[in-house]
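Peer 1: Model the full assembly from the supplied sequences, consistent with the hints where possible.
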Amino acid sequence: MATEAGARAAGEAAAALNPLEQFEIHRLLPIRIGNIDLSFTNSSLWMFITIGVVALFLLGGGARLVPGRWQSAKEIIYEMMSSMTRDMLGEKGRPFFPFVFALFMFILTANMLGLVPYSFTVTSHIIVTFAMALFVFVLATVVGFVKHGLGYLKLFSPSGVHWVMKIILVPIEIISYFTRPISLSVRLFANMMAGHTMLKVFAGFVIGLGLIGGWAPLAMMVALTGLEVLVAALQAYVFAMLTVIYLNDAINMDH
Amino acid sequence: MPQLDASTFLSQIFWLIVTFGILYFVIVRKALPSIGGAMEHRRSRIADDLDEAERLKASAEKTLAEYESTLAESRARAQKTVHEKKAAIAAELDEARMRIETELAAKIARAEAEVRASKEKALKELSGTIGDLTGEIVTRISGEKATEAELKKAVEKVLG
Numbered sequence: 001m002a003t004e005a006g007a008r009a010a011g012e013a014a015a016a017l018n019p020l021e022q023f024e025i026h027r028l029l030p031i032r033i034g035n036i037d038l039s040f041t042n043s044s045l046w047m048f049i050t051i052g053v054v055a056l057f058l059l060g061g062g063a064r065l066v067p068g069r070w071q072s073a074k075e076i077i078y079e080m081m082s083s084m085t086r087d088m089l090g091e092k093g094r095p096f097f098p099f100v101f102a103l104f105m106f107i108l109t110a111n112m113l114g115l116v117p118y119s120f121t122v123t124s125h126i127i128v129t130f131a132m133a134l135f136v137f138v139l140a141t142v143v144g145f146v147k148h149g150l151g152y153l154k155l156f157s158p159s160g161v162h163w164v165m166k167i168i169l170v171p172i173e174i175i176s177y178f179t180r181p182i183s184l185s186v187r188l189f190a191n192m193m194a195g196h197t198m199l200k201v202f203a204g205f206v207i208g209l210g211l212i213g214g215w216a217p218l219a220m221m222v223a224l225t226g227l228e229v230l231v232a233a234l235q236a237y238v239f240a241m242l243t244v245i246y247l248n249d250a251i252n253m254d255h
Numbered sequence: 001m002p003q004l005d006a007s008t009f010l011s012q013i014f015w016l017i018v019t020f021g022i023l024y025f026v027i028v029r030k031a032l033p034s035i036g037g038a039m040e041h042r043r044s045r046i047a048d049d050l051d052e053a054e055r056l057k058a059s060a061e062k063t064l065a066e067y068e069s070t071l072a073e074s075r076a077r078a079q080k081t082v083h084e085k086k087a088a089i090a091a092e093l094d095e096a097r098m099r100i101e102t103e104l105a106a107k108i109a110r111a112e113a114e115v116r117a118s119k120e121k122a123l124k125e126l127s128g129t130i131g132d133l134t135g136e137i138v139t140r141i142s143g144e145k146a147t148e149a150e151l152k153k154a155v156e157k158v159l160g
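Read top to bottom, the protein sequences are chains V and S.
Residues 1 to 255 (the working numbering) make up the first sequence, in order.
Residues 1 to 160 (the working numbering) make up the second sequence, in order.
Each hint should be verified, as a subset may be incorrect.
[Claimed, not checked] Quick list of simulated restraints, FRET-style, between CB atoms:
{"id": "1", "chain 1": "S", "residue 1": "His41", "chain 2": "V", "residue 2": "Gly34", "range": "20 to 28 Å"}
{"id": "2", "chain 1": "V", "residue 1": "Ala223", "chain 2": "S", "residue 2": "Ser7", "range": "33 to 41 Å"}
{"id": "3", "chain 1": "S", "residue 1": "Arg42", "chain 2": "V", "residue 2": "Ala223", "range": "34 to 42 Å"}
{"id": "4", "chain 1": "S", "residue 1": "Arg42", "chain 2": "V", "residue 2": "Val53", "range": "21 to 29 Å"}
[Said to hold, decoys possible] Over the 12 Å line for every Cβ pair with chain S, so calculated as not near, a few chain V residues:
{"id": "5", "residue": "Ile167"}
{"id": "6", "residue": "Gly226"}
{"id": "7", "residue": "Leu230"}
[Unchecked claim] Quick look at which bits of chain V chain S covers, simulated, 3 or more residues with Cβ under 8 Å:
{"id": "8", "segment": "37-43"}
{"id": "9", "segment": "57-65"}
{"id": "10", "segment": "125-135"}
{"id": "11", "segment": "141-153"}
Don't read these hints as lab results, they were simulated from the structure.
Heads up, the beta-carbon is just placed ideally off N, CA and C, and yes, glycines get one too.
Peer 2: See below:
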């Protein structure tokens, strides 16, 4: 009995030092519908925390004539996303603005919350980022075909190019088009996972070196955390930006 | 790597759709109208204020123009008055001088006429006296008595 408990404790200690342990998914509330596992997990919990924080941020802060700091922060993000969609998509892109805005806010907040110790990073899972990227891809493709019909296929055939070149270019265009959801999702997932793993590795060093030598990796962690804040914001922006670019291809086709 | 555990995929996708759906709904229905409304309200308020400022500026400029035109008008009127007065005074002066000059001319003419009359009278008297004297002299020297006509003729010949 005692040895079993000791072994479990040792296993837990080893798991705590494992940099990948933070990405594990625990079922908090098992839900099963037939064969499908839809359990409420720590990932689901953090998704709800994420949208809660976003809603709190967006609905609080007031809507005054002379904005305070909080309201200014909201309006800066609003203006940034709004001008991005307006500049690239024009008036026809107006209906997509709320989606791009929601996407940016969701990813940004999930990334930022992931930096809080003991939290879970929703966007560090490839399936989550891939689901979002795939949705963007399908949305852009559907919009493209709805707006231009079969003419949307001209996207793969750059204009003003000799037909010999087209033999080479068209397959490249098709491949690059279909790899969009993969590059989009892997970019975000890899950035999040790498950053958080690195932070965990350095945190392990701090524990390992103790009070005497632990200061050096701790200083490194502080610097890395700053970098991770930048990456979190940047990746959210990149994701939103690429979404708008793909939608621009679909709406305006100025390829 | 926990990310590759496919048994969790469906659950994550399901809850992602649920949470993102809720978030999208909240953003479209509540957040964006509130933020955008506040910004729009501010923009229109600023535009209104700018319009108001523009209006006030225009009215100030109008007042200034009115003031300047009034000023110019008054100045022109003052100049005209000065001009008219100057002309009137000059005319009066001219008239006075003309009157004095004509008076003087008349006086001079009268005086000249008087002088001439006196001179003629004196000459006439003189010629009479000279005639008598000449007759006397002729009589005394030659013993002949010259006639009055001869004397007169001779005197006139000498005096011109």
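Peer 1: So, for every hint listed, does it hold in this structure?
Peer 2: We went through each hint and held it up to the structure:
1. His41(S) x Gly34(V): 20 to 28 Å: violated (51 Å)
2. Ala223(V) x Ser7(S): 33 to 41 Å: holds (37 Å)
3. Arg42(S) x Ala223(V): 34 to 42 Å: Holds: the Cβ-Cβ distance is about 39 Å, inside 34 to 42 Å.
4. Arg42(S) x Val53(V): 21 to 29 Å: Holds, since Arg42(S) and Val53(V) (Cβ atoms, about 26 Å apart) stay within the stated range.
5. Ile167: holds (38 Å)
6. Gly226: holds (25 Å)
7. Leu230: holds (23 Å)
8. 37-43: As far as the segment 37-43 of chain V goes, the hint holds, because 6 residues have Cβ atoms under 8 Å from chain S.
9. 57-65: The restraint on the segment 57-65 of chain V holds, since 5 of its residues have a Cβ under 8 Å from chain S and three suffice.
10. 125-135: Holds, because 6 residues of the segment 125-135 of chain V bring their Cβ atoms closer than 8 Å to Cβ atoms of chain S.
11. 141-153: Answer violated; 0 residues pass the 8 Å Cβ test.
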